[in-house]
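Throw the hints in and build the complete structure from the sequences for me.
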Amino acid sequence: MSNSFLSQDEIDSLLKGSDTPEEDIKPQDENLSVDELKEDDITDLHKDLLGEVGNISMGSASTALSQLINQPVNITTPVVSVTTLKELRKEFHVPNIVLEVKYVSGISGKSILVIKLPDAAVIASLMMGGDGNVSNSTSLTEIEISAVQEAMNQMIGSAATSMATMFSREVNISPPISNTWEEDTSPLTEEISETENLVKVSFRMTIGNLVDSNIMQILPMETAKTIVSIMMGEEPELSDKNNSREESREVMKNKEQTKNIDNSTINDNSNSRPATKKPSAPVEVHEATFDNLDQERIGAPHKNIDLILDVPLEISVVLGKTKKSIKDVLALANGSLIELDTLADEPVEILANGKKVAYGEVVVIDENFGVRITDIVSGPERVKSLRD
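Going by numbering that gives the first Met the number 0, the residue at position 275 of the sequence shown is 274; the numbering climbs one at a time, nothing skipped.
Fair warning: there could be bad hints in the mix.
[Claimed, not checked] With a cut-off of at most 25 Å between alpha-carbon atoms, the simulated DMTMM-like pairs for lysine to aspartate or glutamate come out as follows: (1) LYS115 - GLU149; (2) LYS354 - ASP340; (3) LYS46 - GLU221; (4) LYS101 - ASP47; (5) LYS115 - GLU86; (6) LYS115 - GLU193.
For the record, the hints were derived by calculation from the structure and aren't laboratory data.
Okay, structure coming up:
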């Protein structure tokens, strides 16, 4: 040896020839808990755990997306790496659609989902009834962006539900915040600095024969470590949660004791005093009155109407009616005429799920029949039709 330092080959030879058991010469960082790691360290074991969590949660997300766009969707092959926002700008071309959510219960931290804009254009087309065949779009309309945001909301919600099952606890997220990452110099999110270490989980995403691309999930290092801690049963905040639960139990116990003391005091007072009957005050009796259902309430608010806006209704048009005996019906043949009880110029009835909602006149649109609405059924008339 030319100096007092050992070369790497000499160190490896000494380790192989030593009597140290094999398990003692394994890299120690693989067995370190999250608390024993440095602030921005993450081991291969932890990457495997994050990849497994991402694989299962994104599997649920792909199912949700598939149901929305009626196309087979696969999100697989997670690749976990540690990077920075500065490095992401070099490898991920803009523009992209970015969705950010915060975990409000179950775990702490946030998650960011990034989808390439051409892939988002395909999703928007499919959600809006198109065939998904779009050119390489560099921008989306407001309606298309809203459609993609709704799809991503459903995906991240399904992923959170899957995580709740894995963690055996309720996982809730805040309302998602979405934006378009249009420039390399623009911030991905205000709370992440350029040099902060992040955990990037890349997935391969296929949508039928239309998309074969990649999407990206970004986790702050603290969020990634929290997920790893839960998976390894080493959640650092577990003791704090137990303390808070104990405090809650103490508060409930004190409330029960106070309630029992108050009840005992009331009972003692009631036993020590003779019962006296107070004279009853005269009671005024009035006849019950109710609002008339036949009175139309103009401008009355429709509470929770948004919850049923997507319920399908069957719309039908009644030209007229008539009554025939069985003999007359059996005598019908090609060319027979049936006279209806409706005049030629009389408005036809428009029914929604069998209930009359409007009147109109028959028109021809291109080669199809249509109805032009001439009058909307009033509230009292609708109530009357429901009674009938």
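Quick rundown of the hints versus the structure:
no., hint, result
1, LYS115 - GLU149, "16 Å, holds"
2, LYS354 - ASP340, "19 Å, holds"
3, LYS46 - GLU221, "14 Å, holds"
4, LYS101 - ASP47, "23 Å, holds"
5, LYS115 - GLU86, "17 Å, holds"
6, LYS115 - GLU193, "21 Å, holds"
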